[in-house]
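**Student:** Chain residues, written in single-letter form:
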Amino acid sequence: MGNAASIRSDVELTADVLVIGGGPAGTWAALTAAAQGASVVLVDKGYCGTSGATAPSGTGVWYVEPTEEQREAAMKSREALGGYLADRGWMKRVLDRTYSNMNDLALAGYPFPVDDEGKSYRRSLQGPEYMKLMRRRVRKAGVRILDHSPALELLADEHGVGGASGVRTETGETWTVKAGAVIIASGGCAFLSKALGCNVLTGDGYLIAAEAGASLSGMEFSNAYAISPTFSTVTKTAFYTWATFYYEDGTVIEGAGSQQGRSVIARTLQTQPVYARLDRATEDMRSWMRAAQPNFFLSFDRIGIDPFTQLFPVTLRLEGTVRGTGGIHLIDESCATAVPGLYAAGDAATRQFICGGFTGGGSHNAAWAMSSGSWAGEAAAVYAVTLGGRRERREPKGAGSERQVSALASAGDVQEWTAAVKREVEPFDINLFRTEATLTQSVGRLNGLWRTVQHALAPNASDAVKLREAQAMTATARWMYASALARRETRGMHKRLDYPGADAAQHYRLLTGGLDEIWVKPETAALSRLEVNQS
Amino acid sequence: MIELVSNTRCISCGQCVSVCPTRVFDESPSGVPVIARQDDCQTCFMCELYCPVDALYVSPHDHPIDAPGETALAESGILGSYREQIGWGKGRSPGAANDTSYLMFKAMQRTPGH
Ligand SMILES: Cc1cc2nc3c(=O)[nH]c(=O)nc-3n(C[C@H](O)[C@H](O)[C@H](O)COP(=O)(O)OP(=O)(O)OC[C@H]3O[C@@H](n4cnc5c(N)ncnc54)[C@H](O)[C@@H]3O)c2cc1C
Ligand code: SF4
Ligand code: SF4
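Protein sequence lines correspond, in order, to chains A and W. So for the first sequence, our numbering puts the first residue at 1; every next one is plus one. So for the second sequence, our numbering puts the first residue at 1; every next one is plus one.
Hints are computed from structural coordinates only; laboratory data are not their basis. One or more of the hints may lead you astray.
Stated by the list, open to error - Part of the chain W face toward chain A, derived, beta carbon under 8 Å:
1. 12
2. 49
3. 52
4. 59
5. 60
The beta carbon of each residue, even a glycine, is placed where N, CA and C say it ideally should be.
Use the sequences and the hints to build the structure in full.
**Tutor:** Now the structure itself:
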């Protein structure tokens, strides 16, 4: 990337609020910002409505009736799994906001089913329908959408963040949006593993936020692996609750399971294939399953396998932080980062406040995306309006453009770098079963890779996007493993073979950040450090 | 991965070019889009849902295959099958309204270990 602010862009826009990413978090952010009267531009790397983890899939949603008893049970259910790093205040707010947002979706026309008791059932959203509706709502609210327009860099000045720039991949043109506030809602990082809908999610938002001075947190909780048939990208896992897992010879793999037994599956996969069959589903369930998640059955139907009666080979596909809980650190309930004018929401932000160190599946992430998006949109709009006329006089510059450029990268170079990152994050032996030795070696290789990728320059716009993805994935892997090394215990989804138990003395969240030099600190210490810097 | 753009069915509406998140298609002079970057296909099936005339076929495999031809796909009822299941298209109603997740959710609560 060059210095995008000083070179004129092909497309130049100004807005009160710029939203980066058009999944659930970004579309809710755009809607709520517009409802405050702000002018809003939303850019998406893909297409707002089909892109990201939700659109081709669908989500269970943490929608809980507002009775004391049900809310208490809901909050309690995951606290232990998450290693007690979640926060009840945040959980309560997310439950409230999700409840009202889901009801708002019903008013907006989402066709919720009616259950066997005659009640509208609001705990599940089918992705294509949900995101088609959100796009329509965002457009109706007057938001300007730029599809196929990845953000590659934030713009900043002494007042904080003031916009972003990127390219339009259809034409190769550059774009710049100057804005009073920016919301990063670009999703998590699944390292191009082709998990359903996830190949647009390469950690770009983490990198541009870190370049502007934001920190991340919970990055050790970044090793989600989802079950999928080996031939298929469909990583929907809920129905494997009713699966039995088998060796090739048809004997049952003891201890293998979807919820608790994924490590057993991983261990077995290291030496031999694993097969599954949904043979614990009753006859009734089979038809419910089809109506609940048509996309789960798509690949089976097309290949001609009946998953209820026939064995099929399965694998574990890396979903990284998408179904992990790490992301950009937030400093308050408005979803602000420590950098003025910069907000984060959805998978791009840390989800530890409601999940602690574990999500895996089921409803929290979707609830977080719509709640955090709504708060970020509202707060960003208010912030942008308070800047008033001062905004016009700002000339923010590219926050990542200090880098020295050493060499022109070919498409082949970028492919090789991407493959190199994947070799560090995909193997179970490094990322799932973690040890001091393997993590340290991997960090060494990743640091070397970072020194190469960060100085590279792409010859054209479309290569610039892929290069930026390679840089973002390399940086993400380094924050992940630096945090994983710092947490010398097992907690949530973070498993250390050399420290198999939880350690009460490490009952804190970890912050991380930095580009050339990576730092990791327990939350309170790091927060006070930021306060000192700002005063 | 995306394997077919049927030039007999395609009405050149350009939807697939727009909605594909990873920009796999390019417009072409004939009006029928071409699969320009199959390697970038993430097998998300979204283009199929947005094609108004069921002219696209996404194979379930995450790598290129020797896919069946258009006639075979049409005869086996695969072309357009996903769009029909979702309930998109003229005269259909959204499948989301028949989402039976609530029954699965109840079953899940009864499942030990959950
Ligand atoms: C198979 C699967 C099943 C799931 N099931 C559940 C479930 O049952 N319950 C649950 O709660 N959660 C579930 N999740 C998680 C849930 O889908 C995510 O938490 C949710 O999609 C997050 O929303 P988001 O808007 O933050 O990110 P996404 O939906 O991923 O959207 C991110 C958007 O940002 C765009 N983007 C990326 N980079 C850039 C850039 N540089 N510039 C501009 N735009 C960019 C992308 O194109 C995309 O549109 C599931 C995930 C998967 C993969
Ligand atoms: S399946 Fe998805 S990624 Fe592949 S061409 Fe269709 S829309 Fe694009
Ligand atoms: S969406 Fe279907 S009809 Fe429209 S251009 Fe693509 S293939 Fe042709």
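**Student:** It remains to establish, for every hint, whether it holds in the given structure.
**Tutor:** Okay, the hints, checked on the actual structure:
Given the 8 Å rule on beta carbons, the hint for residue 12(W) is violated: about 17 Å separates it from the nearest Cβ of chain A. Because the closest C-beta pair between residue 49(W) and chain A is about 6 Å apart, less than 8 Å, the hint holds. Contact between residue 52(W) and chain A, as hinted, is not supported at the beta carbon level, the nearest pair being about 14 Å apart and thus beyond 8 Å. Interface hint status for residue 59(W): upheld, as the beta-carbon distance to the closest one in chain A is roughly 7 Å, under 8 Å.
Given hint, residue 60(W) at the interface with chain A, holds; its Cβ is 3 Å from that chain's nearest Cβ, closer than 8 Å.
Consistency note: the structure conflicts with the earlier hints numbered 1 and 3.
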